[in-house]
Amino acid sequence: MIQHWAFCLLQNGILYCFKFVPIWMTEVSFRLQHRKLLAQYFSYKAKLAYLHNVWKNLLKGYKKAAHQSNRAKAHE
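Taking this note's numbering, the leading residue of the sequence shown gets 1, the next gets one more, and so forth.
Hints are not guaranteed to be accurate.
To be verified - Under the rule of at most 25 Å between Cα atoms (straight-line distance), these lysine-lysine pairs were calculated in the BS3-like manner:
| no. | residue 1 | residue 2 |
| --- | --- | --- |
| 1 | Lys56 | Lys45 |
| 2 | Lys60 | Lys47 |
| 3 | Lys73 | Lys63 |
| 4 | Lys56 | Lys36 |
| 5 | Lys47 | Lys63 |
| 6 | Lys47 | Lys36 |
| 7 | Lys60 | Lys45 |
Read the hints as simulated data drawn from the structure, not as lab findings. Quick caveat: nothing in here was measured; it's all calculated off a predicted structure.
Using the sequences and the hints, build the whole thing.
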C-alpha cells in the first residue's frame, strides 16, 4: 500500500515537473530577459543624459569663452 502511494506520488511529481517546470523556467527566463532589457534601457537613458550634460557644459563653456573674448576685444 505504501509502495503504491509512493509510486503514485513519484509519478505525479514527475508529471508535475514535466508540465510546470518548463512553464516556470520560461517565465523566469522571460523575467530575466525583461530585467536585462530594462537595465539596458536605463543605462542607455543614463548615457544619453550624461552626453546631454556634457554637450550643455561644452556649449556653456564655449559661450562663456566667446563672451569673455568679446569683452576683451571691447576693452581694447
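Here is what the structure says about each hint:
1. The hinted pair formed by Lys56 and Lys45 meets the criterion: a straight-line CA distance of about 16 Å does not exceed 25 Å.
2. Pair hint Lys60 plus Lys47 holds up; C-alpha atoms about 20 Å apart against a cutoff of 25 Å.
3. Under the criterion of a C-alpha separation no larger than 25 Å, the hint pairing Lys73 with Lys63 is consistent with the structure, at around 15 Å.
4. Distance restraint check for Lys56 and Lys36: the Cα-Cα separation of roughly 30 Å exceeds the 25 Å cut-off, and the hinted pair is therefore not satisfied.
5. Between the alpha carbons of Lys47 and Lys63 the distance comes to roughly 24 Å, so the proposed pair stays at or under 25 Å and holds.
6. A C-alpha spacing of about 16 Å is found between Lys47 and Lys36, which places the hinted pair at or below 25 Å, so the restraint holds.
7. Restraint check: the Cα-Cα separation between Lys60 and Lys45 comes to about 22 Å, which is no more than 25 Å; the hinted pair holds.
The structure does not agree with numbered hint 4 stated previously, though it agrees with all others.
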